[in-house]
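Position chain B against the provided structure of chain A, taking the given hints into account.
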Amino acid sequence: MSPGPYFERHAQTFVGALGRLARRPLASALIMGVIGIALALPLLLQLLVQNARALTSNGADAFELAVYLKPATEEAAARTLASQLRGRSDLAAVRLVTATQGLAEFREHSGFGAALDLLAANPLPHVLLLTPAENSRGSEALQRLQSQLKELPAVDDVQLDTAWVKRLQAMLDLLRQLVLSIGALLLAGVAVIVGSTIRFEVTSRRHEIEVMKLLGGSNAFARRPFLYSGLLYGLGGGLVCLTLVAVARYRLDPAVRALTATYGQDAGLIGLGFELSLAALAAAMALGWLGAWVAASWQIRHIDPT
Amino acid sequence: MIRFQHVHKRYANGRQALADLSFEVRAGEMVFLTGPSGAGKSTILKLIALIERPTRGEVRVAEQDTARIRRRGIARYRRRIGVVFQDHKLLEDRPVFDNVAMPLVIAGRPRREIDKLVRAALDQVGLLGRERDRPLELSAGEQQRVGIARAVVAKPPLLIADEPTGNLDPQLALEIMMLFKRFNDVGVTVLIATHDHHLIDAAGARRIELTAGHQAEA
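The listed protein sequences derive, respectively, from chains A and B.
By the count of this note's numbering, the first sequence reaches residue 917 at its end, each step adding exactly one.
By the count of this note's numbering, the second sequence reaches residue 482 at its end, each step adding exactly one.
Possibly wrong hints are sitting among the right ones.
As the list claims (entries may be wrong) - Derived DEER-like restraints, expressed as beta-carbon distance ranges:
hint, chain 1, residue 1, chain 2, residue 2, range
1, B, Ala276, A, Glu886, 55 to 61 Å
2, B, Gly393, A, Gly627, 20 to 26 Å
3, A, Phe811, B, Asp329, 36 to 42 Å
4, A, Ala638, B, Pro434, 45 to 51 Å
5, A, His621, B, Arg340, 18 to 24 Å
6, A, His913, B, Asp284, 31 to 37 Å
7, A, Ala890, B, Arg340, 35 to 41 Å
8, B, Asp351, A, Gly627, 22 to 28 Å
9, B, Arg470, A, Val626, 46 to 52 Å
10, B, Asp351, A, Ala638, 28 to 34 Å
As the list claims (entries may be wrong) - Derived coverage of chain A by chain B (criterion: at least 3 residues anywhere in the stretch with Cβ under 8 Å from a Cβ of chain B; other residues may be distant):
hint, region
11, 810 to 824
12, 827 to 833
Bear in mind the hints are in silico, worked out from the structure with no lab data behind them.
These numbers were taken from a predicted model, which means no experiment stands behind them.
The C-beta atom is built at its ideal place from N, Cα and C for all residues, glycine as well.
Only chain A is shown next, with the shape it has when bound in the complex (with noise of 0.2 Å):
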């Protein structure tokens, strides 16, 4: 056989797929919608966890080094202090809170303006916030750091935040886990849904298969309209899910700037992105295509004519 007629006989297939398609838009629809709904769901939370990861690396201040000095330092020594850090490798920013900047940070943002009024003198030390360099952000690093700081004499004490930073990879090494868990289970889902669907159609088209199996078809030959049905449920509902974390993205990008400007941040949802995007089409393309293959395999070789 030349590929000329072969591939004519499977567009032709994949046109008629199509039009039975066509011929009941809501039952398509509906399908379709189950199965986006399906694949919507592990995406959205790998939508979360990918942006929680972004949110918690690039937030590199996460890894700052909280230098409280003794209250006596006279704020000029606060500033040679901090020229003096500038100068370390091992940091990559140095910034000075004075007490005066700290009392005022904390009255705007506390709402306790009037109570801080009745205070004789401001309680605040002068505070310098570290960033460490890329390359000493190490836990051991961080904690070698920490102990040279807190032996200089002006330093009371030193704060290294770092616990809830791991707490939280930890939180999402979890989450991503269960994603990939309920992931695999609805993709499976997804092929089942379409296998269903596919034994339905077969049972009610038992004659015309028959009539092909007389007329000499192979199980193959009768089996490829179904396939291409499963291939165009699998896209159709791919592309339904694409629009349902599409929409829940653009629903949820206020809310996200909003929390992260309270970080300090402008960071709205990143998407999908094209390479991710393509593999969902692709993965419901090819569930679709196997839940019509096993259910059509299996259904049609026990169609026999009589």
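Relative to the frame of chain A, chain B by itself:
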């Protein structure tokens, strides 16, 4: 072309359809299978089309022992046999053209060839120009002729028919029978199961008479 040797067929429900039946149909022959209902006519055709398998004995078709044809080989085997059914088994949701074209589509013939062969087959049964009609828009005789066009479109060397005139009035039945005769004239081996003696006499062909799964006369 067809050779039955000591063929027995007992169905799962215990009914004995054929008992030690032997006969032969030579290539290019036209033969009628006759006898009352239940005599085993349909069973013979089903054994030839591999819809059923014999319980004992050998069925050879086109020099091939059908017992050696496995499940996977059945489809390919059937493509070399044209079958006409009493209920014609047309697909009612497809136009005449698609119905007749199906054996060619199954065989993977190119589109241009399909067009040509379908038209030729419809011309032979006198239905050229009715390609776009649906089977239900046709009369019973026309539906049967579509069934015949479908059976011969791929030019099989063997044509078998089960009561092809069963539902037709005498005039239409005669026309159908003459159609079979014409295919036989161009070299197709034809085996027809029927209980219509009128037609057999009109066609003037050999007949194999069955009674209760036996051959009554050759």
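Quick rundown of the hints versus the structure:
no.: 1; hint: B/Ala276 with A/Glu886: 55 to 61 Å; in the structure: holds (57 Å)
no.: 2; hint: B/Gly393 with A/Gly627: 20 to 26 Å; in the structure: holds (25 Å)
no.: 3; hint: A/Phe811 with B/Asp329: 36 to 42 Å; in the structure: holds (40 Å)
no.: 4; hint: A/Ala638 with B/Pro434: 45 to 51 Å; in the structure: holds (47 Å)
no.: 5; hint: A/His621 with B/Arg340: 18 to 24 Å; in the structure: holds (20 Å)
no.: 6; hint: A/His913 with B/Asp284: 31 to 37 Å; in the structure: holds (32 Å)
no.: 7; hint: A/Ala890 with B/Arg340: 35 to 41 Å; in the structure: holds (40 Å)
no.: 8; hint: B/Asp351 with A/Gly627: 22 to 28 Å; in the structure: holds (25 Å)
no.: 9; hint: B/Arg470 with A/Val626: 46 to 52 Å; in the structure: holds (48 Å)
no.: 10; hint: B/Asp351 with A/Ala638: 28 to 34 Å; in the structure: holds (30 Å)
no.: 11; hint: 810 to 824; in the structure: holds (count 6)
no.: 12; hint: 827 to 833; in the structure: holds (count 5)
Checked against the numbered hints listed earlier, the structure breaks none of them; every hint is satisfied.
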